[in-house]
Amino acid sequence: MITLVQGLFLYFAAMIVACALVAITRHSAVNAVLAVLLMFFHVAGLYVLLNAEFLAAIQIIVYAGAILVFYLFVVMLLNIRTEELGRRAHPYWPALVLVVAGLAAVFVLLLSRSLFQGTPDQYSIALVQEAGNAQLVSQVLYRDYYLPFEVASVILLVAMIGAVLLARRQWAEE
Amino acid sequence: MEIIQQIALYVIQIAVMMGFVLFNAAYLTYAERRLVGRMQLRFGPNRVGPFGLLQPLADGIKLFFKEDITPAKADRGLFLFAPLLSLVTVLVAFAVLPFGKGLWIADLNIALLYLLALSSLTAYGIIVAGWASNSKYALLGGLRSTAQVISYEVAMGLSLVPVLMLSGSLSLVEIVEAQSGYWFLLVQPVAFFIFLVSAVAETNRAPFDLPEAESELVGGFHTEYSGMRFAFFFIAEYAAMLVVSSLAAILFMGGWHPLPVHIPGLSDWLGQVPSPLWFLAKVYLFLFLFIWVRATLPRLRYDQLMALGWKVFLPVSLANILLTGLGIVLWPYVLGWWG
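If you're matching them up, the sequences are chains F and A in order.
Mapped onto our numbering, the consecutive letters of the first sequence carry residue numbers 1 to 174.
Mapped onto our numbering, the consecutive letters of the second sequence carry residue numbers 1 to 339.
Honestly, the hints are just simulated from the structure, not real lab data.
Just so we're clear, the structure is a prediction, and the values are computed from it rather than from any experiment.
Just so you know, even glycine gets a beta-carbon here, dropped at the ideal spot from N, CA and C.
Derived CB-CB ranges, DEER-like:
#1 A:Val154 / F:Val108: 36 to 46 Å
#2 A:Gln272 / F:Ile2: 45 to 55 Å
#3 A:Gln304 / F:Gln6: 51 to 61 Å
#4 A:Ala72 / F:Leu38: 20 to 30 Å
#5 A:Phe20 / F:Ala101: 52 to 62 Å
#6 A:Tyr27 / F:Leu96: 52 to 62 Å
#7 A:Pro276 / F:Ala14: 36 to 46 Å
#8 F:Thr25 / A:Leu186: 48 to 58 Å
#9 A:Met228 / F:Leu98: 47 to 57 Å
#10 A:Asp107 / F:Gly7: 23 to 33 Å
Derived pair list, reagent style SDA-like, types lysine to any residue, alpha-carbon separation capped at 20 Å:
#11 A:Lys311 / F:Val164
#12 A:Lys136 / F:Ala29
#13 A:Lys73 / A:Leu140
Can you make the complete structure from the sequences, with help from the hints?
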């Protein structure tokens, strides 16, 4: 007999896999993006199941609300027609198969090593429920790991400045 | 048995809330037409029932019996799905709004993020509608709307950060309780202004109603919609106005707290009035403001809209966050220095 939580997990997991498959097999780019949207929702559902409702909200805001809208925007602006894409195989398909096989191998290795078993440290479920998810995440990010966090911000800043610079150069040439 | 009771309770809560929202959305259209009419020296609808009060009902019946048309080359599934998506993303927002002391359906500890997530999803209903209609006007309306919603979401989210810093919580109930001493409006006027303008832009209302600028885009994203499907977009827009007005009241005007500053005797005396009434009074004030703005201001041009969002609101709200942080850190020293 499976419990409610297990049942929900199975539902979310099955939907994530199904939506991902739909996304990579659609010929209409818009439908593919919408399938990814549905997948993001179920990933957020998994986060809620893990008592990580803060991450779930961020998942929706950042991925569904911002990044995917941009994808949709680009797809519509380019107005990719289904017919133009055609049904022929990608010319580099052997390389793609290799990449996928490599990723699968890494994944299996990780699972067999059970890297995620870890000992439950101070951040127990009880503590998360009491102090609130957002507060604990911020403590970990801004207190315990502030240096890696700052490094990540600098990298993002560099990317941002680079993007601005590229756009400006194009502007100047015109 | 307990589970059945619990489910029955949920169903009743949802039914009451939906009734409240739909009633308000219907009569907001009436209030808007009457008020805008008055502001433009006309009468507005005054024929159906006393003072035209039955007008929303008549409109509803008319929309119900209109033919439901799907354009020939539309993406049928998405075309039917888009209005539902628009409406649902707005309606589920009401689950976390506290209407008065102890009067809410759910008190999420991430309620504010939940609302931001939902407001970011409203773009999908519009853009999917625009794309699925297979019409250039609808598509352009949808694309504009996406760009607009994304741009103003950033400013809106950042304008809410000072509120979080002052209250130390993402729960709307705790944010209201944090304002028992003074409203956040008094210390955060800049954030309040940015939030208000961004909220008008987020709900695609005039003067930011570019997605449905009728002089250039016909009806915008809902050009091809008719009957109840069209009505769904309409209800979603008015319900979204209700959500952002409630948010403005909750985050900046103390929710159900009657006075901007706590005055020991007077606040308690005024507190005897049921708390939802104070809250609703503020909400209706903001809704009036929405209608007033629509009747007063001309529509912005597209580049003006983008420039305002990215070049004015974004830097100002970032500076505001910095100043608020400085204020919170330095305030204890100021108090110590004072005496």
